[in-house]
Amino acid sequence: MKNKETVISVKNLKTFFYSDGRCNPAVNGVSFDVKSGKTLCVVGESGCGKSVTASSIMQLLPNNARIEEGEIVYKTGDSRGDIHIEKLDRNGKEMRSLRGKDIAMIFQDPMTALNPVYTVGWQIEEMIRNHENVTKEEARKRTLKLLADMGIPDHEKRIDQYPHEFSGGMRQRAMIAMAMSCNPKVLIADEPTTALDVTIQAQIFELMEELKEKHNTAILMITHDMGVVSEMADEVAVMYMGNIIESGTAKEVLGSPKHPYTEALLRSIPILGRGKGQDLNPIRGVTPDPFDRPSGCQFEPRCDYATKECSNRMPDEVNLGKTHMVRCIKYQEVSKNE
Amino acid sequence: MLKYTIKKILSMIPMILIITFIIYGLLELTPGDPISYLMDPESLARLSDAQIEEMREAYGLNGPFVVRYFNWLFRLLQGDFGYSISSGVPVIDIIKTGLPATLELAVASLIISTILGSILGVVSAIYKGTIGDNVLTVFGMIGVSIPQFFFGIVAILVFALNLEWLPVGGRTDPSVTGFFDRLEYIVLPSLVMGLSMTAGVMRYARSSMLDTMNKEYIKTARSKGLAEWRVNLLHGFRVSLTPVVVLIGFRLPTLVAGSVVIETVFQWPGIGNAFSTAVRAQNYNLVMMLALIFVVMTLFASTLVDIVTAAIDPRVKLEN
Ligand SMILES: Nc1ncnc2c1ncn2[C@@H]1O[C@H](COP(=O)(O)OP(=O)(O)OP(=O)(O)O)[C@@H](O)[C@H]1O
Ligand SMILES: [Mg+2]
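These protein sequences, in sequence, are chains A and B. Here this note's numbering = 1-based position in the first sequence + 36. Here this note's numbering = 1-based position in the second sequence + 90.
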């Protein structure tokens with residue numbers, strides 16, 4: 037039995053952007069745990085702060101962003117002990133030794149995520165040789181094996197090809213091969229299949245699932261697609277305007293949503309087999325200006341359950357059972373609709 | 091790569107035909123009897139009218155335009171560029187002595203501007219928004235807007251006349267003096283020409299580098315835990331190099347124009363200098379032949395740029 041303990045623990049993380057003297061609290065106090073051998077899906081509309089959360093963990097934030105508060109603890113499980121990522125120097129040696137080696141990342145668009153002027157093999161070997169003291173031949177041998185493991189046919193030839201000679205799906209496989217090359221404990225995937233078509237998407241998910249099982253990798257999957265969540269997630273965190281408004285196991289969040297926003301998100305996805313006539317309800321209203329946020333609950337202006345009380349302040353976390361958390365004062369009313 | 095190179099070189103042939111055709115057309119439009127510059131002026135002076143008419147026939151000047159053009163082109167290919175009417179010297183001799191000097195100056199200033207321009211551009215992109223970047227940007231703006239001849243004259247005033255560090259101008263014969271004795275002559279003209287081109291290269295390298303550094307694969311490179319210098323140079327600079335090489339290709343005509351100005355200012359005995367003298371003397375055949383050399387040189391150089399671009403950017407070959 038493989039252990040499913042926490043590898044990364046994020047507590048009350050606040051990452052703010054500063055531009056023209058104005059502050060955008062893009063991530064405004066989120067907490068979650070990423071556990072080995074499990075997939076945590078962070079889901080939410082565009083602009084809610086998913087990518088910023090991921091970049092904060094990797095310390096890959098742009099210069100106009102800063103981690104204001106909170107902690108990101110990486111539990112190495114070895115002699116290094118617990119590492120407080122938020123305290124490390126952004127491009128310092130320690131942070132760089134974690135990046136790629138302990139925590140690897142893959143990005144949305146494999147078309148642009150690989151450097152066009154180097155061969156795919158070169159880019160993977162670069163990663164291996166950056167973290168491990170191996171010879172060129174050794175690195176190449178490992179790269180070949182990785183490409184084969186990721187299901188890239190003809191890998192002997194593919195290794196010396198440039199990214200533009202790969203199809204989108206193959207490119208994402210190459211990205212995953214690179215990310216997995218140093219056996220990371222955590223894999224962060226920022227919308228890894230948004231740029232791919234549906235059949236390829238399914239194959240990539242299958243591959244990730246397989247790697248998770250085989251290496252006991254912790255996966256932090258970022259997506260805006262509830263369909264992806266239902267397919268991949270062991271655990272779910274729903275984000276809205278910089279806050280996690282509901283989290284829990286996939287069964288809890290998808291099966292009995294307690295937050296009006298989660299409920300609305302689930303209502304807005306088509307269900308396979310119900311055909312064209314089904315009632316799709318897009319969430320009314322638009323996401324507010326991030327620089328001019330609602331004073332209370334961020335979802336209040338668009339919420340069907342909203343009362344006067346909701347505009348006072350952001351509701352606190354309510355724990356329903358061991359894993360299920362919701363931030364809504366009206367959650368009991370939401371559950372009644374089930 | 092070899093196939094691409096051969097294709098590029100072969101594609102110059104039609105271009106050269108068109109260019110020579112235009113040049114010949116212009117040459118015929120200039121005042122004066124063609125025989126006066128096609129033949130050695132000394133022997134021409136000794137000929138009677140009837141003999142001159144014979145020579146005309148021999149040079150094919152009485153045939154239709156296309157025949158005249160091909161006769162001329164054929165003589166060009168044999169190295170016969172006609173004569174300079176003001177000195178009576180064969181044009182090919184003027185080219186033979188002037189071209190090495192011009193190329194020497196052009197290559198020196200190209201190297202200076204490319205290396206300095208890319209380094210400064212990349213540095214100011216990496217340190218974007220700092221004081222250093224702003225200072226470089228202002229210098230760049232000044233550099234682009236100062237005319238080369240003015241820059242050249244100021245340089246002569248300061249470094250040659252006031253400080254007396256370097257000679258005012260000229261060039262010594264490579265067959266007579268050694269490399270280091272000649273160096274002092276090329277320093278000033280090549281620096282003036284190189285620096286005045288640096289500003290453009292720098293601005294371009296900076297924006298190209300900034301553009302590259304915003305790309306997703308730079309984030310990928312950082313996410314691999316690579317050191318900043320590796321991210322900047324191997325991933326950023328390496329990619330932004332392609333557009334810079336292309337830009338240098340675009341600037342080759344400027345180099346030619348620059349060589350005319352700079353060679354005149356510094357009395358550098360190249361074909362740019364010969365060109366400006368010939369224009370003033372209305373020495374049309376020489377002007378046209380030197381113009382032809384300039385155009386062909388530019389064509390060669392831009393073909394070379396295409397080949398280099400393909401060599402450093404794997405994506406280019408597919409598109410062609
Ligand atoms: N480089 C940046 N400069 C300024 N603000 C930024 C920058 N990147 C993100 N933001 C702001 O941070 C907030 C969250 O952005 P983020 O990219 O995390 O959204 P997301 O949830 O990943 O959305 P998407 O689904 O579109 O990727 C937004 O309000 C956005 O405007
Ligand atoms: Mg995003």
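No wet-lab data here; the hints were simulated from the structure. Careful, some of the hints might be misleading.
Said to hold, decoys possible - Which residues of chain A face chain B? A partial, calculated answer using Cβ under 8 Å:
hint	residue
1	R132
2	K137
3	L150
4	E162
5	D196
6	Y198
As the list claims (entries may be wrong) - Interface residues of chain A toward chain B, partial, derived using beta-carbon atoms under 10 Å:
hint	residue
7	S55
8	D56
9	P152
Don't be surprised by glycine CBs; every beta carbon is placed ideally from N, CA and C.
Measuring from the C-beta of S55(A) to each C-beta in chain B, is the shortest one below 10 Å? Where the cut-off is 10 Å and the nearest Cβ of chain B is about 13 Å from S55(A), the hint is violated.
If you take the shortest Cβ to Cβ gap from R132(A) to chain B, is it below 8 Å? Hint on R132(A): holds, closest Cβ of chain B at ~4 Å, below 8 Å.
Given hint K137(A) near chain B, where the shortest CB pair must fall under 8 Å: Where the cut-off is 8 Å and the nearest Cβ of chain B is about 6 Å from K137(A), the hint holds.
Under 8 Å, Cβ to Cβ, is where L150(A) needs to be relative to chain B, so tell me if that hint holds or is violated. 6 Å, holds
Can Y198(A) be said to touch chain B, with a Cβ gap under 8 Å? 5 Å, holds
For the restraint on E162(A), tell me whether the closest CB of chain B is nearer than 8 Å. 7 Å, holds
Proposed interface contact between P152(A) and chain B, which counts if any beta carbon pair is under 10 Å: Where the cut-off is 10 Å and the nearest Cβ of chain B is about 6 Å from P152(A), the hint holds.
Does D56(A) hold up as a contact with chain B if the rule is Cβ-Cβ below 10 Å? 14 Å, violated
So, D196(A) near chain B? Judge it on the closest CB pair being under 8 Å. Where the cut-off is 8 Å and the nearest Cβ of chain B is about 11 Å from D196(A), the hint is violated.
Comparing the model with each earlier hint shows violations of hints 5, 7, 8; every other hint is respected.
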